[in-house]
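Given the structure of chain A, go ahead and fit chain B onto it with the hints provided.
There are 2 protein chains.
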Amino acid sequence: MTIRIGILGYGNLGRGVEKAIRQQPDMELAGVFTRRNPESVQLETPGMTASPLSDLEAGTGAAANVDVLILCGGSATDLPEQTPHFADKYLVIDSFDTHAKIPEHFEAVNNAALKGEKLAMISCGWDPGLFSLNRLFGNCFLPEGADYTFWGRGVSQGHSDAIRRIEGVADAKQYTVPIEAALEAARSGENPELTTRQKHLRECYVVLEEGISPDSEEAERVRQEIVTMPNYFDEYDTTVHFISQEELNEEHSGMPHGGFVLRSGKTAGDQTCVIEYSLKLDSNPEFTSSVLVAYARALHRMYEEGKRGCITVFDVAPAYLSPLDGAELRAHML
Amino acid sequence: MTIRIGILGYGNLGRGVEKAIRQQPDMELAGVFTRRNPESVQLETPGMTASPLSDLEAGTGAAANVDVLILCGGSATDLPEQTPHFADKYLVIDSFDTHAKIPEHFEAVNNAALKGEKLAMISCGWDPGLFSLNRLFGNCFLPEGADYTFWGRGVSQGHSDAIRRIEGVADAKQYTVPIEAALEAARSGENPELTTRQKHLRECYVVLEEGISPDSEEAERVRQEIVTMPNYFDEYDTTVHFISQEELNEEHSGMPHGGFVLRSGKTAGDQTCVIEYSLKLDSNPEFTSSVLVAYARALHRMYEEGKRGCITVFDVAPAYLSPLDGAELRAHML
Numbered sequence: 001m002t003i004r005i006g007i008l009g010y011g012n013l014g015r016g017v018e019k020a021i022r023q024q025p026d027m028e029l030a031g032v033f034t035r036r037n038p039e040s041v042q043l044e045t046p047g048m049t050a051s052p053l054s055d056l057e058a059g060t061g062a063a064a065n066v067d068v069l070i071l072c073g074g075s076a077t078d079l080p081e082q083t084p085h086f087a088d089k090y091l092v093i094d095s096f097d098t099h100a101k102i103p104e105h106f107e108a109v110n111n112a113a114l115k116g117e118k119l120a121m122i123s124c125g126w127d128p129g130l131f132s133l134n135r136l137f138g139n140c141f142l143p144e145g146a147d148y149t150f151w152g153r154g155v156s157q158g159h160s161d162a163i164r165r166i167e168g169v170a171d172a173k174q175y176t177v178p179i180e181a182a183l184e185a186a187r188s189g190e191n192p193e194l195t196t197r198q199k200h201l202r203e204c205y206v207v208l209e210e211g212i213s214p215d216s217e218e219a220e221r222v223r224q225e226i227v228t229m230p231n232y233f234d235e236y237d238t239t240v241h242f243i244s245q246e247e248l249n250e251e252h253s254g255m256p257h258g259g260f261v262l263r264s265g266k267t268a269g270d271q272t273c274v275i276e277y278s279l280k281l282d283s284n285p286e287f288t289s290s291v292l293v294a295y296a297r298a299l300h301r302m303y304e305e306g307k308r309g310c311i312t313v314f315d316v317a318p319a320y321l322s323p324l325d326g327a328e329l330r331a332h333m334l
Numbered sequence: 335m336t337i338r339i340g341i342l343g344y345g346n347l348g349r350g351v352e353k354a355i356r357q358q359p360d361m362e363l364a365g366v367f368t369r370r371n372p373e374s375v376q377l378e379t380p381g382m383t384a385s386p387l388s389d390l391e392a393g394t395g396a397a398a399n400v401d402v403l404i405l406c407g408g409s410a411t412d413l414p415e416q417t418p419h420f421a422d423k424y425l426v427i428d429s430f431d432t433h434a435k436i437p438e439h440f441e442a443v444n445n446a447a448l449k450g451e452k453l454a455m456i457s458c459g460w461d462p463g464l465f466s467l468n469r470l471f472g473n474c475f476l477p478e479g480a481d482y483t484f485w486g487r488g489v490s491q492g493h494s495d496a497i498r499r500i501e502g503v504a505d506a507k508q509y510t511v512p513i514e515a516a517l518e519a520a521r522s523g524e525n526p527e528l529t530t531r532q533k534h535l536r537e538c539y540v541v542l543e544e545g546i547s548p549d550s551e552e553a554e555r556v557r558q559e560i561v562t563m564p565n566y567f568d569e570y571d572t573t574v575h576f577i578s579q580e581e582l583n584e585e586h587s588g589m590p591h592g593g594f595v596l597r598s599g600k601t602a603g604d605q606t607c608v609i610e611y612s613l614k615l616d617s618n619p620e621f622t623s624s625v626l627v628a629y630a631r632a633l634h635r636m637y638e639e640g641k642r643g644c645i646t647v648f649d650v651a652p653a654y655l656s657p658l659d660g661a662e663l664r665a666h667m668l
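Residue numbers (our numbering), protein chains in the order written: chain A, 1 to 334; chain B, 335 to 668.
Looking at chain A on its own, in the form it has when it is part of the complex:
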């Protein structure tokens, strides 16, 4: 059977989901829904046009064919409102990533899904998502030990945005970089305590507004504002490189990311074991999309089996992610 996917929000993630569906033998695109004027949105799928949000509200047009709705908005304002709002009408899945607000978001989505007798999944992607799974596995298999999560080398959208808000900045890209010595310490099995500064450094590529020279006092003020910015940069060693808009466009237009989850612990017989999981992604949104569509399959199956309410990656048996059946999985992957 074919699972028909709806996409709400057509930014990098929405476009990634549209592409990721093509790699799945049992999925097709039902529709892309947007708050913008649908006619202003050019989809990548030939012959398909975007649909207005009102169709999703009413369940009309392309929305009538949606089996699973993937919410591709942002965690700051879109998802806290959209996911609970649609969870009583559709099988919804989002990549809500504000870790501290997950319990609250779960509660809201769970209530809506139960009310509509639907199934929903929140916080699906790689962190939260695959990294969460590896934190959980690590804690279960090595109950006595230490956890380490490193991010990068990759672009942090939030940090890039924070730099762009500084006066005198025309554009910026920020890379989060794990520090090799800290990674090696975590891998050693000696469970070191690592400070924020020891674990990551921050590399900023900044385009100054026209008329500001990179060696001016004004540029130095920008640099100071960046490196001392509370929460974002002050606890890190931060380097600032002033470059031209052309260089930024040419060298820093990608959205690579990745990271490492380590669990280091001792067995009850005092033997050291280290589990390491890592991702190296040339495109953060495209990989996140690939994860989302695999979990959309699982969501659809679990709904068909009668599961209701809200779930997370923790609640999904891995076999549900695959288009292959149990016998094939046991024969070829076990």
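Please note that the accuracy of each hint is not assured.
As the list claims (entries may be wrong) - From the derived model, a few chain A residues whose C-beta atoms are all more than 10 Å from chain B:
#, residue
1, 99
2, 192
3, 227
4, 305
Said to hold, decoys possible - Cβ-Cβ distance ranges computed for the label pairs, FRET-style:
#, chain 1, residue 1, chain 2, residue 2, range
5, B, 381, A, 188, 24 to 30 Å
6, A, 331, B, 522, 43 to 49 Å
7, A, 181, B, 529, 52 to 58 Å
8, B, 585, A, 332, 36 to 42 Å
9, B, 394, A, 306, 37 to 43 Å
10, A, 247, B, 531, 43 to 49 Å
11, A, 180, B, 661, 35 to 41 Å
12, A, 331, B, 335, 34 to 40 Å
FYI, nobody ran anything at the bench for these hints, they're computed from the structure. Virtual Cβ for every residue (Gly too), placed ideally from N, Cα, C.
What follows is chain B alone, placed relative to chain A:
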């Protein structure tokens, strides 16, 4: 509630399970069952004695208290017979690792478990087990790509045994070693094809029988027999070190192991992504035991929820592995 664990077979794995239970807040040891004379078996748990196999058969004595029975025998002859045999009487879990015979073993255990209205799990550990999970995840998230599994650096019991059967050999230990250049090639994202010889090499530490000198013709014959042994060594670059029994005991008595699972692929937007999972284990049997007891928890819960038949790691939602509840997991690990 407390889950009471029974252990069948008291070798390295059985002793590992006995220890691993101590790290679990909700488990206790119900009994250790052995084919040997129980009085000849000295358990590590103070005040507890081993029980005869006849107790397991009859469900008497310590066997009356077993919630989950962990089968700690070998895959060659013990498990194919024991797991189906006990699967209709107990919730059983094994670490059957003969990959080619998994479908057949699954069938036998599934039939027995269904007949007795029980739940069973086979092939649980790290390979098959955690490595299988990572092969499955990799294929689901990067449907277009290549798989790589590397083992080691670690002791292969099968290869060590094969060397010990050669005339003139008193004792031996064989390490499987992943070749760094092949690992790097797999990590590159270029999906290279790697031959058996390119991926691993084999290091042998061999004690010759008394009277055979390491630089004799007889020693050279032993070396030749090792490096040309079909299936075991002939497709690998193999090094043979002749050492004394004392050195073998002092330097090579551990059972370290580990390895790497990589999935390298392209998103539908042609972006390269690499997923890597690795284990570095000072004790193979103790880590395998830790995995087994976490899955024993899951097995017990899924049985309580009404699941029957045979399952594998693919069928277990990760949350079932943890003693923490869903809200705690979402708040602290997602």
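Outcome of the hint check:
Non-interface call for residue 99 of chain A relative to chain B: violated, since the shortest CB-CB distance, roughly 7 Å, does not exceed 10 Å. Distance check for residue 192 of chain A against chain B: the nearest CB is about 16 Å away, which clears 10 Å, and the non-interface claim stands. At roughly 31 Å, the least C-beta separation between residue 227 of chain A and chain B is larger than 10 Å, which holds for a residue marked as non-interface. The beta carbon of residue 305 of chain A sits about 12 Å from the closest Cβ of chain B, which is more than 10 Å, so the claim that it is off the interface holds.
Between residue 381 of chain B and residue 188 of chain A the C-beta distance comes to about 38 Å, which lies outside the given range of 24 to 30 Å. The hinted range of 43 to 49 Å is not satisfied by residue 331 of chain A and residue 522 of chain B, whose Cβ atoms lie roughly 29 Å apart. With their beta carbons about 35 Å apart, residue 181 of chain A and residue 529 of chain B fall outside the hinted range of 52 to 58 Å. Checking the proposed 36 to 42 Å range against residue 585 of chain B and residue 332 of chain A shows it holds: the Cβ atoms sit about 39 Å from each other.
Take residue 394 of chain B and residue 306 of chain A: their Cβ atoms lie about 40 Å apart, and the range 37 to 43 Å holds. Checked against the hint of 43 to 49 Å, the C-beta distance between residue 247 of chain A and residue 531 of chain B comes to roughly 45 Å, which is consistent with it. For residue 180 of chain A and residue 661 of chain B, the Cβ-Cβ distance of about 37 Å falls inside the hinted range of 35 to 41 Å, so the restraint holds. Checking the proposed 34 to 40 Å range against residue 331 of chain A and residue 335 of chain B shows it holds: the Cβ atoms sit about 36 Å from each other.
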